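*Asks:* As a plain string of letters, each chain reads:
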Amino acid sequence: MKIIPCPQNGPRPVSEFSFAGAVEPRDETATDASAAWAEQVFFKENGTGVVTELWRHNPSAFWLYLERCRVTDRIIKAYPANAANSADGEEEHD
Amino acid sequence: MPFGLLKYGLSRRYPAEPHFSAGKSLKSHYDVVIIGAGAHGAGMAYYLAKYHGITNVALLDKAYLGGGNSARNTAVIRSNYLTETGVNFYKESARLYQDLSNEFGYNIMHEQRGQLTLAHNDTTLRNFRWRAEIGKHLGTNIEMVDRQTIKELAPELNLSENVRFPILAGLWHADGATARHDAIVWGYTKGACERGVELHQLTEVEDFTIENGRVTEVKTNRGKISCGCVVQAVAGHSSLIAAKAGIRLPIQTYPLQAMVTQNYKPLLTPHVSSPQLKVFTHQTSRGEFVIGSGADDYPLYSSRATLERKEMLASAIIELFPFLQHAQILRQWGGIADVTPDYSPIMGLSPLKNYYLNAGWGTYGFKAAPVSAKTMAECVATGKPPALIEDFALERFYRFKQVNEVGATAEVH
Ligand SMILES: Cc1cc2nc3c(=O)[nH]c(=O)nc-3n(C[C@H](O)[C@H](O)[C@H](O)COP(=O)(O)OP(=O)(O)OC[C@H]3O[C@@H](n4cnc5c(N)ncnc54)[C@H](O)[C@@H]3O)c2cc1C
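Respectively, the protein sequence lines represent chains A and B.
Read in order, the letters of the first sequence correspond to residues 1 to 94 in this note's numbering.
Read in order, the letters of the second sequence correspond to residues 1001 to 1413 in this note's numbering.
No wet-lab data here; the hints were simulated from the structure.
There may be inaccurate statements among the hints.
Partial selection, computed: residues in chain B whose CB lies under 7 Å from chain A [as the list claims (entries may be wrong)]: (1) S1239; (2) I1251; (3) T1253; (4) Y1298; (5) Y1301; (6) E1395; (7) F1397; (8) Y1398; (9) K1401; (10) G1407.
Only a predicted model underlies this, so the values are computations on that prediction, with no experimental measurement involved.
Heads up, the beta-carbon is just placed ideally off N, CA and C, and yes, glycines get one too.
Given these sequences and hints, build the entire structure.
*Replies:* Below, the structure written as structure tokens:
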């Protein structure tokens, strides 16, 4: 079983988490609005390097960032996605 | 009988027939370079030679012929999709499959045993009614069936109401079929090579030279080739190859896993799948139960198989077929699937003038290989995508005109 080092709950099995997509900056300089929308919505990072991703620990509703290698599946870094947690109002749970 | 067979096998009067010419050196120029020798690449080479007289074609693979997803799939062939575009396209593929054994001159082991999909909730029932209506309208064999008919179609299925998700009704698709996956690739390649196409294995495409919006050169680990045009058909590596041509694709790449049990006597005729339990199975003619599901839960470029997925498949399949609780798993494996947002492929033209896309086959590209190869060959030969694949253009994502097959594909192949 793959283990994810959750900053909130400690090491937990991957089955307790959901993948929520790569974290990508929005292109604010785009001139063609609909093409920029299409890229933002459909064209996600899909390279073979280390990608920063948003994940959720489902039982505790805790959002976290993982820096994960898309070839070896190795997790390089895990840290709280603070903005996401407070925006959701689900930051506190003890 | 065994001795007769041995004598036949060793007799000089019946020498083994080599299907493909082995290891030539690369020529300096090809009219068409096909990247990826899976079912789609090999099929395109075959139809280019057969219908369009284009034979100066290089079929390149970085590994061996048909060793990618074409060697790893669960070989489900069906056309019970949701959209008119989807049904028409996959229906034509299912029809082409019926004739391939004759066309190749050897047995692709095509077996039309039907597909039974199960509904355990109202949402799936609505989805089934839609698919049954559109399927009938477009001339496929499809109907909704009740529990009694399900019992007759699959007597070993657990129809108890005392389970997590009792079975309410089914979608019966008599056109559903299966075939020997390797045989498709071999048959196409044999036919292509007989007509002059060159297969080059262990030939990896590493980069392109692009001038004025055209690919002029393909760089491989065995040297450079100048080319008339290029088609990519690399399944799980679609984004990576396209990126080398400067093209971004709306694809996420996921592992896709399957497994088979030990052999049983014949117990199950049709293919059975359950979108809610996220599992499907059929019994092969050897007697094994092939068990599979949708793609993994997060993206990864790896064909590794995991214990989590085995547990999930096992718990779901035991709910449908309780006797399988005693089964031993004989083999397990994974492939790499290029999944699009709408679960439809990306086919046809690209932003480069002489570069064509055959990608985004996710979990469903085996059944589509014949029609995909045939229509793509026409597209490459004429420079214009035929009507059957117009809606699958990359450009659809910029116009928000997706061909949404998520509800007919995500959990079943
Ligand atoms: C477990 C599993 C179950 C499946 N079940 C079904 C099913 O039941 N029904 C269904 O319809 N579909 C199914 N599929 C999907 C189906 O297998 C694929 O969509 C289909 O095989 C794709 O064929 P292809 O020819 O495009 O790709 P592949 O067969 O993967 O061939 C691509 C080839 O490209 C080569 N390649 C990659 N990069 C390069 C490079 N740089 N240079 C040269 N060559 C390169 C690879 O070596 C490979 O041989 C399943 C897939 C998996 C993994």
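*Asks:* Now tell me if each hint is right for this structure.
*Replies:* Results of checking the hints against the structure:
Interface hint status for S1239 of chain B: upheld, as the beta-carbon distance to the closest one in chain A is roughly 4 Å, under 7 Å. Annotation: I1251 of chain B was flagged as interfacial toward chain A, and the flag holds, the nearest CB pair being 6 Å apart, inside 7 Å. At a threshold of 7 Å, the smallest CB-CB gap from T1253 of chain B to chain A is about 6 Å, leaving the interface hint in force. Given the 7 Å rule on beta carbons, the hint for Y1298 of chain B holds: about 4 Å separates it from the nearest Cβ of chain A.
Taking 7 Å as the C-beta cut-off, the interface hint given for Y1301 of chain B holds, the closest approach to chain A being about 5 Å. Hint on E1395 of chain B is violated. Least Cβ distance to chain A is approximately 10 Å, over the 7 Å limit. The criterion of a C-beta within 7 Å of any C-beta in chain A is met by F1397 of chain B, whose closest approach is roughly 5 Å, and the hint holds. For Y1398 of chain B, the interface hint holds, the least distance from its beta-carbon to any beta-carbon of chain A being 5 Å, beneath 7 Å.
A least Cβ separation of about 11 Å between K1401 of chain B and chain A goes past the 7 Å threshold, and the interface hint is therefore violated. Taking 7 Å as the C-beta contact cut-off toward chain A, the hint placing G1407 of chain B at the interface is violated, the least distance being around 18 Å.
Of the numbered hints given earlier, the model fails hints 6, 9 and 10; all others are met.
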